[in-house]
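Number of protein chains: 2
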Amino acid sequence: MTVQGVRSGRQARQVERAKKGGGMGRPYIVRNIPTYDVLSEENLLKVEHAADRILAETGIEFRDDAVALEHWKRAGAKVDGLLVKFEPGMLREILKSAPSEFTQHARNPANSVRIGGKNVVFAPAYGSPFVMDLDRGRRFGTLEDFQNFIRLAQSSPNFHHSGGTICEPTDIPVNKRHLDMVMAHLTLSDRPFMGSVTSEERAEDSIEMGRIAFGSDFVDQNCVILGNVNVNSPLVWDGTMTNALRAYARANQAAVIVPFILGGAMGPVTSAGGIAQSLAETMAGCALTQLERKGAPVIFGNFLSSMSLRSGSPTFGTPEPAIGSMVIGQLARRLGLPLRCSGNFTTSKLPDAQAMMEGTMSMLAAIHCGANFILHSAGFLDGLLSMSYEKFMLDADLCGSLHSYLDGVKIDDDQLAVDAFAEVGPGNHFFGCSHTMAHYETAFWDSDLSDNEPFEKWEAAGSHDAAYRANKLWKKRLAEFEAPSLDAGIAQGLQEFVAAKKAGMGDAWY
Amino acid sequence: MTVQGVRSGRQARQVERAKKGGGMGRPYIVRNIPTYDVLSEENLLKVEHAADRILAETGIEFRDDAVALEHWKRAGAKVDGLLVKFEPGMLREILKSAPSEFTQHARNPANSVRIGGKNVVFAPAYGSPFVMDLDRGRRFGTLEDFQNFIRLAQSSPNFHHSGGTICEPTDIPVNKRHLDMVMAHLTLSDRPFMGSVTSEERAEDSIEMGRIAFGSDFVDQNCVILGNVNVNSPLVWDGTMTNALRAYARANQAAVIVPFILGGAMGPVTSAGGIAQSLAETMAGCALTQLERKGAPVIFGNFLSSMSLRSGSPTFGTPEPAIGSMVIGQLARRLGLPLRCSGNFTTSKLPDAQAMMEGTMSMLAAIHCGANFILHSAGFLDGLLSMSYEKFMLDADLCGSLHSYLDGVKIDDDQLAVDAFAEVGPGNHFFGCSHTMAHYETAFWDSDLSDNEPFEKWEAAGSHDAAYRANKLWKKRLAEFEAPSLDAGIAQGLQEFVAAKKAGMGDAWY
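Protein chains in written order, with numbering that gives the first Met the number 0: chain P, 0 to 509; chain E, 0 to 509.
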């Protein structure tokens, strides 16, 4: 058997596993390396103390949500108009009821993921109004693009989650998008997914579609959908978001609570200040889920970034947010909450060297900080404004490599190979020795996109760059895509629900 | 004062500092984040035990160096022909005399570097026969290319070291290259540098040129030059390398001891086995320096990689060597030796997305594993075979960002900015607040090459990728280059030495 033959067999099995919905053969990663903890206990306490002071002295405004204000009053916070102030320790006490780890169920049970603890889940990027590819450049995203990205994620073994608003389907009225998006996740993917948060009703529609797919009783007791809600930093929670987060919590589904702090704009220009702010804002949002429904799953989310002092533009994939993420990870673990942090960010407008320098730095930060749910693990270019087909494939490749990275170094007698040295002896190569033969099929991660050939062979094949290869690969994957099977009754139920909802609405475009 | 104005002033000062030889204003980095330790004490002991067994049971061959064999006999090793076996613990005992940290002096004292401990030094890549740029493609390197890369390193504040054989000056006879290379380092740079190791005589010539620049007595008591020697893995030290390493040690200069293990070829296909091998081979080389001259500085070097199971080609920037490097770092610290590990590696033939995905992963491994001397921090493409002008500039930018990364997150009352929240209040922006005004000049690292502009502005400027910008920047830097001043007497001494040596040689081309 040739090495070539073995590899082809391995590839075939990977594709087979991918079709079955496994991620590199597994529904999620259980990390085998520790988190990278950069801050001392003493300094962590200082950050927590600063967050406590922000919460107690400046407080957070809750706008357009009387129920949220009522929750805070009942919980003992000081409510003055829209401004809520929290005594130190109060939010931590409330957060004790939130689970440190939970299962998000997929409609294919083999794809259900554990979120929290040592588990790591990769999901595509979220929220871009634009899409890009090398053939057509930048344009507004459509439902077809949205569906395509779900297909590309589903057909890769390197993801574990179908994500949410992968791009905005701008050809669909704003008030109907969530229906088409959830429908696409439930029909083109059999992995877990996210629902809408742009209004309470859309959140409830998304959850209702989860009930159609999973059954109402099951949904009341199990998480089947996530909703990602943003703080209106600094220190404001607006009603659209709190109404949505309460809808998810009320249904026992998991909200992801994420401040979006561009340092110097929505927060202080110093990392420590942004982290303290983030901790304060996130604790408040997470605690509100517990006041809505004690024990509801919730994810501690974070999004640090920076800005260019030349232009005032936000910057991504820079060193300060990367290191700041490690601190956020430590803080989340001290709260005992599952973590969403960092992802693959860049301001580059092309799938080029800048894109992967910035993307790799920020994605590795997510890995090192111990993030459990890594949203934005693939696709972003253009400072989060565009989903790129080519970048998606490049990032998927990085996600593949991170499976091996998180496996760490296995240490046992067989892996240490002392006997192989005696067999091979000084100066001889290991290529054909029995130890190599026993291990080479599984030894190294193999990229789908990197060119490792000698220069002459690469040149003879056309001197292409990685973006070119990514362009070919996404087209191939889309051409070969087959949707996973879906129970006909569920499919019909979803269609009827969506049709009924749409029939009762006009088209709103804002 | 506008933000633009401040930035320009900051840039000017950085360039000023760079001209003075500082790296982002400092001669080297003192890390303010811990190393990333991935293996438990128990597993580290297993690796050390495996290395001890390899050394005791299989042993290492020392070829073409009778003095080395004599050293080992006197030290109590079992010498049988060329094969040397070591009792467990013997090498560790010998290594106790090696310093855990030392200064490599630069001819500009402000640029001297501390190697070891928490210190991090960035040096350009080393050893490529080819060079590349976007205008002329791949070609054999020349002395002009070699000099250009020294100029580019010297003119960047992001490096701390001038490196060694940045590319092979293939237009110069092999037996004379070292003279021109050391001359270029001593005249075009005022940072520390590396000498030749391709024969004992060339090593001694390199050191002699150091004596001309620094004075013989100074050189006998201080490190002014490094020599990078490779193990002929697996488990062979050849005489060319051991004669060179002994020449450096004898002169009290620092050898860097580096196995070059391509997993599956020169070592086992498993990471743990490659690490155990690396430890064994490096300990033997480091110990030999101490037998030559007790107390001579020496650097524990490492170079793990992997291979493509499809083609048999070496692969770089892959996850297994990245994680393996963290383990190597732990092992080096347990030996109390300064560490050289990982660097910026890729098999890509272009300064593209692949190049920076692989390069960033491997460079961050060097940062995380605690490497003190990071050779190959800039320039490689093509699986180490080519130095790319554009990649050099992109990597230099990454080196700049890693200065901020290694600074970590500063925690104090001012950085935590609690009072700024009280000043700004919920819902308002931080752009003009007093805390921002006090910190924005130094808050964030600013890239020389990344494009952070809005899409429309980037498009209007020509829709260029990062490689294009890197191409413009290296040309600008070369055009603006001014060599640092050099004492006329030293310059003359070096010229006379080189002329006399060359006069006594024919031209050897192999």
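It cannot be assumed that every hint is accurate.
Claimed, not checked - Below, a list of computed lysine-lysine pairs in the PhoX-like style, where the Cα atoms sit at most 25 Å apart: (1) Lys175(P) - Lys501(P); (2) Lys474(E) - Lys456(E); (3) Lys293(E) - Lys95(E); (4) Lys409(P) - Lys45(E); (5) Lys409(E) - Lys45(P); (6) Lys175(E) - Lys475(E).
Calculated from the structure, these hints are not laboratory results.
Structure-based check of all given hints:
At roughly 7 Å between alpha-carbon atoms, Lys175(P) and Lys501(P) fall within 25 Å of each other, so this suggested pair holds. For a cut-off of 25 Å, the pair hint linking Lys474(E) to Lys456(E) stands: about 24 Å separates their Cα positions. Between the alpha carbons of Lys293(E) and Lys95(E) the distance comes to roughly 9 Å, so the proposed pair stays at or under 25 Å and holds. Between the alpha carbons of Lys409(P) and Lys45(E) the distance comes to roughly 11 Å, so the proposed pair stays at or under 25 Å and holds.
With a CA separation close to 11 Å, the supplied pair Lys409(E) and Lys45(P) stays within the 25 Å bound. At roughly 31 Å between alpha-carbon atoms, Lys175(E) and Lys475(E) are farther apart than 25 Å, so this suggested pair is violated.
The structure is inconsistent with hint 6 alone, although it conforms to all the rest.
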